[in-house]
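Chemist: Sequence:
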Amino acid sequence: MLRAGDMVVAALRAEAVDTAFGIVGSHVVGIYDALRRAPSIRAISARHESTVSFMAAAYARFTGRTGVGVVTAGPGVLNAMNGLAQAAHSGWPVVLLAGGVPCGAQAFELHALQREDYCRDAVAPLVKSAVRVRTLQALGPTLAEAFRLARSGRPGPTYVEIPLDLFSADAGGDWYYSPVAPTLLGFAEAEITAARAALRTAAYPVVVIDAGAAEGVARALALDMAEDTGARIAVTRDALGAVSEQHPLYIGVAHEHMFGSQAFAAINEADICVLFGIDSEAANYERIVSRAAGRVLLVKRRMTGGVASCDANRLDIETSLRKVVINAKPSDANLFVETLAALRARLDMGAITVVDAGNHEVWARTLLPIHNRHNCIGGGDWASMGFALPAALAARVAEPRERIVCVTGDGCLLMSLSDLSTLFELGGPSLLIVLNDSEYGMMSDVQVAQFGAAYEVCLPRVDFAAMARAMGGDGERVLASTDLAPALDRAFAASRPFVLDIVCERPSNELLEHFQQAMAFPLKTGPL
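Mind the numbering: the sequence shown is residues 1014 to 1541 in the numbering used here, read in order.
It cannot be assumed that every hint is accurate.
Claimed, not checked - Between beta-carbon pairs, the in silico distance windows are:
| id | residue 1 | residue 2 | range |
| --- | --- | --- | --- |
| 1 | S1303 | V1459 | 15 to 23 Å |
| 2 | P1052 | Y1189 | 19 to 27 Å |
| 3 | E1158 | T1495 | 45 to 53 Å |
Simulated from the structure, these hints should not be mistaken for laboratory data. Positions of the beta carbon are idealized from the N, C-alpha and C atoms, including for glycine.
The task is simple: from the sequences and hints, build the whole structure.
Modeler: Dropping the structure here:
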């Protein structure tokens, strides 16, 4: 018999999928039975469906390939929506395969509500395509279209729901799966030529690189244009790592939550600003255009109709490097900042680092080294708390031999804590640093600024090191500055996952002002 699970696995093989993230459930056991018989596809199990979708999204970000998730019907699908939204926001290709209630399901049977297609309708606003398959004959073409759409144009997530009754049906006869080539975006030669000519005539040109030009051929084109014309280079938050912080033309990140960056000042001063790979309908466009005093040119990705190659490998590090001066920590620096400064000193240029959302993210992006697209990977302006641990798990799968460093806060980790055990299950040299300040620090700042007082921002002082040990891993608590360096040394010497629970206070506003000055990039105002 040829059943739906076999058809799904055949499609995954044809699409060169090597990893499927998921959680086995009653409505997808047919897929898991087929995966059991498919050694070329590694099944990675999570503890919560939110982690499944975040891992699939982050895996796409790390590898450049389509991330695949498998979740059961009803609660499984709804739990996975956050990671789908992350993929949609960031433009990462993901295909979520979901079980569904049977065709003609009765209201309120297992995982069912009044309408059998409620999961499809709930997911539809978040994805490029949401399809509930009705027949086995439609499954192959639906899967092929889902993979094509996930990679076409601006990449993003798609959703395919397979009703439970289809898993026991027999497709019969011969069946084959034919992948469909995606339609990718490219750049119009006329726009490139016009932008280069404008930059050459400018007194103070600036090139801003967004996610659409952060990797591969597009990145090389943007860098060549800037280096050819002497334009200063800024990146958006979504393109962090497209340019090394040591590149002589680099002026920082164009985002309000980046300390020390001179990008906005340069954009305001520029007489010509070229935006490379930016979506004119997205927030990054308005964020930059609203601050630009001079002429703005948009080099936008457009449909090419062809299939372009994708450089999914780690970016080369520039050889003509400019060392960013990181001042020694001030005497009043607390353990929160000391930890990040000490971590920076131990990270090499190829380090894979993942960050979560919140105060620690802003400080980490400021203090940790940024040399390539594997440094300080975060969720961008989707800014979901709990992103970092699933992303670190995806990084471990994508890079099994590399050290993965994950920086998170206590509030963020509590939102994905169920998958701390998955970190130890996957193994490898991973370091999870928890900046444990017992509060939602950024929200405390926002409330005080707007209303004069904070409310419901305090968290219990959780012992994450003890939790790590209870789950079979290694963990250590750091309570004082004198204990930090030895603890980091032990963590970096470990060959398996290690949790460092840094019990600290969040940085003061005075410390923030000090580092904004100490970390500032020198703003270049003349010819190089």
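Chemist: Evaluate each hint against the coordinates.
Modeler: Status of each hint after checking the structure:
In this structure, S1303 and V1459 meet the distance hint of 15 to 23 Å, their C-beta atoms being roughly 21 Å apart. Take P1052 and Y1189: their Cβ atoms lie about 21 Å apart, and the range 19 to 27 Å holds. Taken as a hint, the range 45 to 53 Å is violated for the pair E1158 and T1495, whose Cβ atoms sit roughly 59 Å apart.
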